[in-house]
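Next come the chains, spelled out residue by residue.
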Amino acid sequence: MLGFNLKQLTGVGIFLFMIFIGVPFAIGVTGRWDFYFTLTSVALLAIASAGVWLTFYIGRINIGQGAFALIGAYVSAILVVKVGWSFWISLPAAGLFAAVVAILIGLPILRLRGVYFAMITLVLTQVVTLTALALPITNGARGISNIPLPSGISLFGIPILPDFVAMESTKLAFYYTACIIMLLTYAALYRLVNSRLGHLCRSMQQNEELASSIGVNISYIRIVIFAISSFFGGLGGAMFGSIAQSVYPSSFQVADSVNFMLNCFLGGLGYVFGPMLGTLVLYFGWDLLFEFGKYQMLIYSTILIIIIRFLPNGLLSIRFSKGGDK
Amino acid sequence: MSPLLQVKNVTKKYGGLTANNAISFDVAENEILSVIGPNGAGKSTLFKMIASFTPTTSGEVIYRGERISNLKPHIVARKGVVRTFQETTIFKSMTVHESVVVAQHLRAKASLAGYFWGSKTAKEDVAAFGKYADELLEFLGMWDIRNEQASNLPQGSLRALGIAIGLATDPKVLLLDEPFAGMNHDETMNMVDLVRSVRDERDVTVMLVEHDMPAVMNISDRIVVLNFGEKIAEGTPSEIQNNEKVIEAYLGSVDDEIGM
Ligand SMILES: Nc1ncnc2c1ncn2[C@@H]1O[C@H](COP(=O)(O)OP(=O)(O)OP(=O)(O)O)[C@@H](O)[C@H]1O
Ligand SMILES: [Mg+2]
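If you read the protein sequences in the order shown, they are chains A and B. Each residue of the first sequence is one higher than the last, beginning at -13 in this note's numbering. Each residue of the second sequence is one higher than the last, beginning at 402 in this note's numbering.
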């Protein structure tokens, strides 16, 4: 259904083997159980980054994904803790809520282009943080802590989704769940980009006036894309809250929003799987430079600047010729 | 028979400047009508209002008995009134073929979700778009450059690509803003024939703005002349060539520009 050729299928196969068997095996052998948390975070951040990448695809620089991740985290936490919903139902609900908020915010701001749109999205994260501090339902600065682990769901007595409380290793369970959601996200993204909606996005990215002259309803598509983008943000954020078992107004900050954007730049805006690679490299890169202490930020930024200077089309442009794998 | 498209008392003001002042004329089905006039006369502005790229200050444009001015461009395009651009306006990083495929999206039978899931209708659409793109590019003599990236094309082919994109939408009325600009004599004559066959074989009504007078006189059934936002004449090419006001307007700007 995804329309892969043989070479791509092999690649996907190797990738699946790596994340589902290779990584757990390597962690088992080396005993670095902390890597589960790191890799789970990468997977979840990559989901949110996928959304940012999608807004790039209609020619908009989105530095506000942290806002939607935060919204998703709160919605899920409130539904689980205060309403008593199962986490598994709160997860899509969190995504949908973020998407609805995106539609309301997007209607006025998506007309803006370039730097103007970017600047507005930059303040969104702060706005949501302040809202979370002010609203009674979000518990202000104390946030929502002690979120229970996801409980199972069964249909006619057959377990559909696992009960994390009963699991021996919640770390592994979260890792698998995050990976599966990430894979679904990227499969959807790949499919979207290669279907008609993706082609219309490309036409808008390249020339909005010409796109509307051939009958593309550009304001509608912008809204749809921004909603999907924020849905991914809400999804990633909700999962994050569930793993951390808590949400605070500072769980996602402006710096996180900037990072989501950098992940896309680094991986490559021309490649669907760019943000996934970008997230992995950025997250691990930062961790690896930890031993440089106070120079961590300096070295990190220098490397970033060098990469963006010499690989303007992102890391994946090394492997594929320009305009290649989409 | 009532006209296909009517421009009724259309006025456009940009602040203190009146770019179009109470312009009225009719366009008959299947004719080629040119709008000419010196630089800044308001020709492009008129086209933008017809295609709803900019609202009128007053007056309206009627197409098949329906007002199409002051709507959205994509709505007017869906009704079959499509414009091309005076400035080079293309999808830079698409190939010629891809551009023509994407421009056919209004003909899609499957929904966006259908495309996402890869429904049967969507697959049929995709095949049909590819086939029609081949056909259209063949027809326009662009077959050899079908796989070129748009940004690598020379000026002459860019104009042709703009027209191909417009045609791919399957328009009823095509508004061409300076389609021959940047073309040499042979290319222009070639394009004149092409525009005529678009009208003859595809039942497209064509309106065009052009400065190349020999081409305009050759191709047009009728001509509307604008000067400083006013309509100063309307008629067949020979009527226009002998119209005092027109000659004056052109002599007043650049000698011999009308090239008779
Ligand atoms: N967006 C705008 N804002 C302000 N003035 C404008 C705008 N667009 C056009 N004008 C003015 O309106 C007048 C008519 O412009 P228009 O582009 O329609 O002329 P034109 O006949 O197409 O000229 P040309 O042959 O040079 O293309 C000009 O004086 C122009 O400066
Ligand atoms: Mg003009």
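Hints in this document: simulated from the structure, not taken from any laboratory. Idealized CB from N, CA, C, for every residue including glycine. Do not take every clue at face value.
[Unchecked claim] Straight line, CA to CA, 16 Å or less: simulated EDC-like cross-link-like pairs of lysine to aspartate or glutamate:
#1 B:Lys473 - A:Asp242
#2 B:Lys409 - B:Asp601
#3 B:Lys493 - A:Glu195
#4 B:Lys480 - B:Asp571
#5 B:Lys510 - B:Glu461
#6 B:Lys473 - A:Glu277
[To be verified] Every beta carbon over 12 Å from chain A, so not counted as near; a handful from chain B, in silico:
#7 Tyr415
#8 Asn440
#9 Glu461
### Message
Hints numbered earlier in the text: which of these fail when held up against the supplied structure?
### Response
Hints 1, 2, 5, 6 contradicted; others consistent.
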